[in-house]
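Undergrad: Take a look at the letters that make up each chain.
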Amino acid sequence: MVEQRKPEEGFQEAPPRVNEWRRFWKVFLQRKIVIFGLVVFLLLVITALFAGLLAPFDPYKNVLPDSLQQPSGKHWLGTDIQGRDTLSRLIFGTRTALMVGFITVITSAVIGVTLGLAAGFFGGIPSMVIMRIMDSLMCFPMLVLAMLLAAVLGGGIQNVIIALSVASLPGYARVMNGLTLSIRENDYIMAERSIGASNWRAMVRHILPNALPPMIVLVTLQLGGIILAEAGLSFLGIGIKPPGAAWGAMVTDGSRFLRTSPILTIAPGVAIMLVVFAFNMVGDGLRDALDPRLRGLL
Amino acid sequence: MTELLRVNGLVTQFNTESGVVKACDGVSYYINEQEIVGLVGESGCGKSVSQLSVMQLISAPGKIAGGEVIFDGQNLLDYQANGPQMRSVRGAKIAMIFQEPMTSLNPVLTIGQQLTEMLVIHMKMSADAARKRAIELMGLVGIPAADSRIDDYPHHFSGGMRQRVMIAMGLSCNPKILIADEPTTALDVTTQAQLLEMMRDMVERFRTSLVIVTHNLGVVARYAQRIYIMYAGRIVESGMTKDIFAKPRHPYTIGLLKCIPRLDEEEGTKLVPIEGLPPNLINMPATCAFLPRCSYKIEKCYKEPWPELTPVNGDHFIRCYANTEVKPSESKKR
Chain H
1 MVEQRKPEEG
11 FQEAPPRVNE
21 WRRFWKVFLQ
31 RKIVIFGLVV
41 FLLLVITALF
51 AGLLAPFDPY
61 KNVLPDSLQQ
71 PSGKHWLGTD
81 IQGRDTLSRL
91 IFGTRTALMV
101 GFITVITSAV
111 IGVTLGLAAG
121 FFGGIPSMVI
131 MRIMDSLMCF
141 PMLVLAMLLA
151 AVLGGGIQNV
161 IIALSVASLP
171 GYARVMNGLT
181 LSIRENDYIM
191 AERSIGASNW
201 RAMVRHILPN
211 ALPPMIVLVT
221 LQLGGIILAE
231 AGLSFLGIGI
241 KPPGAAWGAM
251 VTDGSRFLRT
261 SPILTIAPGV
271 AIMLVVFAFN
281 MVGDGLRDAL
291 DPRLRGLL
Chain Z
1 MTELLRVNGL
11 VTQFNTESGV
21 VKACDGVSYY
31 INEQEIVGLV
41 GESGCGKSVS
51 QLSVMQLISA
61 PGKIAGGEVI
71 FDGQNLLDYQ
81 ANGPQMRSVR
91 GAKIAMIFQE
101 PMTSLNPVLT
111 IGQQLTEMLV
121 IHMKMSADAA
131 RKRAIELMGL
141 VGIPAADSRI
151 DDYPHHFSGG
161 MRQRVMIAMG
171 LSCNPKILIA
181 DEPTTALDVT
191 TQAQLLEMMR
201 DMVERFRTSL
211 VIVTHNLGVV
221 ARYAQRIYIM
231 YAGRIVESGM
241 TKDIFAKPRH
251 PYTIGLLKCI
261 PRLDEEEGTK
271 LVPIEGLPPN
281 LINMPATCAF
291 LPRCSYKIEK
301 CYKEPWPELT
311 PVNGDHFIRC
321 YANTEVKPSE
331 SKKR
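Sequence lines, in order, name chains H and Z.
First residue of the first sequence? That's 1 in our numbering, and the numbers climb one at a time after it.
First residue of the second sequence? That's 1 in our numbering, and the numbers climb one at a time after it.
Any given hint could be a false lead.
Stated by the list, open to error - The following label-pair restraints were derived from C-beta to C-beta distances:
no. : chain 1 : residue 1 : chain 2 : residue 2 : range
1   : H       : 111       : Z       : 61        : 26 to 36 Å
2   : H       : 133       : Z       : 107       : 28 to 38 Å
3   : Z       : 302       : H       : 126       : 42 to 52 Å
4   : Z       : 81        : H       : 133       : 21 to 31 Å
5   : Z       : 285       : H       : 187       : 55 to 65 Å
6   : H       : 132       : Z       : 107       : 42 to 52 Å
7   : H       : 29        : Z       : 159       : 25 to 35 Å
8   : H       : 111       : Z       : 189       : 15 to 25 Å
Said to hold, decoys possible - A few chain Z positions that, by computed beta-carbon distances, are all more than 12 Å from chain H:
no. : residue
9   : 6
10  : 19
11  : 26
12  : 28
13  : 70
14  : 96
15  : 107
16  : 114
17  : 131
18  : 181
19  : 259
20  : 265
21  : 269
22  : 297
23  : 303
24  : 325
Note that these hints are calculated values from the structure, not bench results.
Ideal placement from N, C-alpha and C gives every residue a C-beta, glycine not left out.
With the rest of the complex left out, here is chain Z (with noise of 0.2 Å):
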């Protein structure tokens, strides 16, 4: 598998009042081809930042402070942001699915005319052609009738139809990477889980790779091949999916995962919550972001600054220092 997107040390920082916030501090990471990446992490961990860093969308007082993100041999972070070349990478080749699908569309638009957008913009199609294909689009992502459906507002569709629309607007061009932020996160369980269904289908079809950022590890267990663990600004954990789920070995991922029930665990067990909160992210201190509510927490942690990520298993990358093989408890013990 050939190497699609690689983040070098990507840092976001937001200019606030009270000082800066750095929301993604140094996130590096890749993407193959055809490949199905999840990008896990709590509410302003920096997950959304780091990929709306990657199509360039911060707007003021946010800014890209340093790294490189090299799509096809070029660093899009050298393109001007709104300037023709960016914007011929957004939409075309990397897109990108919101959280929100009932205000992710124009309320005063027809699907139709926003879903052909893109096809006129980026694919120069003729009108006539462009609405073919939308419609064309609307039942692959199973949208009955879409020939009567394409002239509706948005208001005439439901919340998961709404994202059917957004998932096919995505896709609509073709691109080489769908990014979707959250895109399941506003809707109810069962439609969940025929939109995830239906978007493997899709990016398998469409041979496109998929990054989706979640906070919900369920959804990348069953979808993703690799995921990256994102905590204050900096990702703590990557490796395989089976990997990380069998053998989690940063202290973060290993709570996040008791937080989760199981079927097959025996009754009566109690779920254990990560205590403490996640640190404000203005002026950070240089040891680990997660020391406060770490339990695996050893002396050297307090004295040397946050690890890079060091492997620990092939392709298994951690940021600690403590050795997360043995329960704190027992440590204790000893």
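Here chain H stands alone, though its shape is the one from the complex (with noise of 0.2 Å):
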């Protein structure tokens, strides 16, 4: 059988092939504001992966000579009580601040995204006892609900991240089962099943990549949450333990000395806005180029 059939006459012309990646970071890169924060993205990206080369003193050797100076050509944003230098313990956080919010969201958004298409899937009982849990969850603030974790848990950056992982699973569970249930009642769906495909295959294969695009939305957007969260709980103490360089208990430590080194809250202060601001910028453009209604166009 390799003959091939004689095409059609007036058979329709396909329309013109769009490169969807081509496309995608075309709309991506649109607005200017979305290149600012993925420049800010990338920096501080490099940041924490090369803090140890870029910080230009060690961040948890106390100097009491030189301690509370203010901003000057040796220590570029002055240093604080215990006579560490600002900057590197700034470079330091980014480290830890990523590195929290990074695990965090994956962490969470595997969990959620599985236990939702599960519930979405196979509704009925599994569901109930899934969706019920995620809500209960949810009846909590994030930070209320984290705050809580941490303290039984007790502090230190791991048990941040399982806090904070609890916290956020009800949103990711939440938006993938509502995706599951309204991309399971499609027609290819049942035409996979229709060819002898398992539940397995049509979860994984068909349902998930379709649902892939809000979920990467959503993950950009909880980052900056997330770090703020993590910043959050440093703040009340209940973070990152004491040496560890955490932007949140840098802005606690620093408000003794608002009056006199307003730089010791200001900088850390800054640096948590920025990241922040950047991911929600790049979570916004991502939601652009991903909306399927251009899928195809431009």
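Assembly of the complex is requested from the two constituent chains, each provided in isolation within its own frame, with the hints serving as guidance.
TA: Now the structure itself:
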């Protein structure tokens, strides 16, 4: 059966092909603010990766004679009460912030998406059990739940990640559940089942990729929120333990010297703001670029 | 010709808030090897549901409440709906093509990924072999430049082309039966004709039986050897295509044929629509469901329950008491 059928006459010509990737980048990089967000994001990642090389001083070493210095050529952002270089601590704080942010978001997204997908696909009792647990987690404001868990588990970066992951789980599960419920009703899922595909295949290969664009946007937008929450926990003293460098803790420490050395509070504050802003911008850009209504256009 | 599939007394019902809807109520039919069978009826008469039931693809609130589907000496309804045995029948032995080509392909996977999927599942082909076979199949169903188009996404294809892909998909594992659920309803007329011709060639070549589910009598007249006419969840008339078109016996079929314009008609002849609407399938009376719309009704129709399919002439069966060989106007005169 190698002979080819002759293409019928009057065959409808396919619409011109659009390279999805090129279109994605074009829309993504359309807004300057998104480019700004992306640049900040990349700079942060580089800073976090090469913190050891970039930091001019050891962020943990106390140099008491240098305590509470104003910004100068030697200490660009001054020093804190223990004489530690603020800039160096800020740079190492980036590492903490991004690590908590990424690990938390990935853990909770993976677990949340799995739960939401299973609940949406199987419906019935599994859906009842999973979604009601998620609802009960959702009753608490995220920060309060994270505080509760952090207080129970104790401080430290690991427990902060666990607390924040649990607290942000219901969001992912809910969104994924909703997406699954709507995607599941599509004809192609029925067609897929009619060719003998298993539930697993229908879920992983057909529903999941269709739900990915909104999930990617959700993840990026959540990243900023998680970093903010981590700063909040550290600010309240139940997050990263001293002498670990965390922006939230730096704000707390600096607040005592707000009048004499405002830079101690302003520097980490600006860093937090910048990160959250950058991630939200990147998320917005992704949302526009992944908008399915634009698929195949431009 | 040997019998491939026999459906006996299939009952599929949907439990809705306002009552039980019997979408299929005692549907029985058979399909022979390498035969093209037409299943005709209005929207909502249960023709699609009967086919989905054969594949056990009815999802809640629907339920197959009775009957049997004998395929290869095995009752398919004994298999667990989504178990491995049922899955090995779906696609590999009985394949299905759906009505809406625009939504029957997953938008995020390439045509190739979707075409090869079945070959890998059922035929245990390697990825390379499956890809080659997929290109070959795409060529067979008339997609030009298949080797470059295989990596395209569904939105690069027009409706007719997508339906061709669906047909290629349906045939890819050499199924014994291909069920085409209104395969051309969503396409324009010229594409319809091309696709139906192509489908006929394909089932001949693959030695597959074809079930065409449609509301278009013209489609089955040309392609089907046997026809089943469905009304309100039951088969009301069955027989060879030529018999039914030459001498329809059930009042519903007669009505349907009167609604179709004919080229050999005298000018000015009016089409006669069937009065009224199909019945609500909830709480149906025991009497004939077509009774309120029937112009042949006799007294017996009101008293006795809907009759079973009874032979009128060899292979020709109807489910009716009235003598439909006499025109209703003439019978009134007498």
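Undergrad: Taking the hints in turn, state whether each one holds.
TA: Quick rundown of the hints versus the structure:
no.: 1; hint: H:111 <-> Z:61: 26 to 36 Å; in the structure: holds, 31 Å
no.: 2; hint: H:133 <-> Z:107: 28 to 38 Å; in the structure: holds, 32 Å
no.: 3; hint: Z:302 <-> H:126: 42 to 52 Å; in the structure: holds, 50 Å
no.: 4; hint: Z:81 <-> H:133: 21 to 31 Å; in the structure: holds, 28 Å
no.: 5; hint: Z:285 <-> H:187: 55 to 65 Å; in the structure: violated, 34 Å
no.: 6; hint: H:132 <-> Z:107: 42 to 52 Å; in the structure: violated, 32 Å
no.: 7; hint: H:29 <-> Z:159: 25 to 35 Å; in the structure: holds, 34 Å
no.: 8; hint: H:111 <-> Z:189: 15 to 25 Å; in the structure: violated, 52 Å
no.: 9; hint: 6; in the structure: holds, 21 Å
no.: 10; hint: 19; in the structure: holds, 22 Å
no.: 11; hint: 26; in the structure: holds, 24 Å
no.: 12; hint: 28; in the structure: holds, 23 Å
no.: 13; hint: 70; in the structure: holds, 19 Å
no.: 14; hint: 96; in the structure: violated, 4 Å
no.: 15; hint: 107; in the structure: violated, 7 Å
no.: 16; hint: 114; in the structure: violated, 8 Å
no.: 17; hint: 131; in the structure: holds, 15 Å
no.: 18; hint: 181; in the structure: violated, 10 Å
no.: 19; hint: 259; in the structure: holds, 29 Å
no.: 20; hint: 265; in the structure: holds, 29 Å
no.: 21; hint: 269; in the structure: holds, 33 Å
no.: 22; hint: 297; in the structure: holds, 39 Å
no.: 23; hint: 303; in the structure: holds, 43 Å
no.: 24; hint: 325; in the structure: holds, 42 Å
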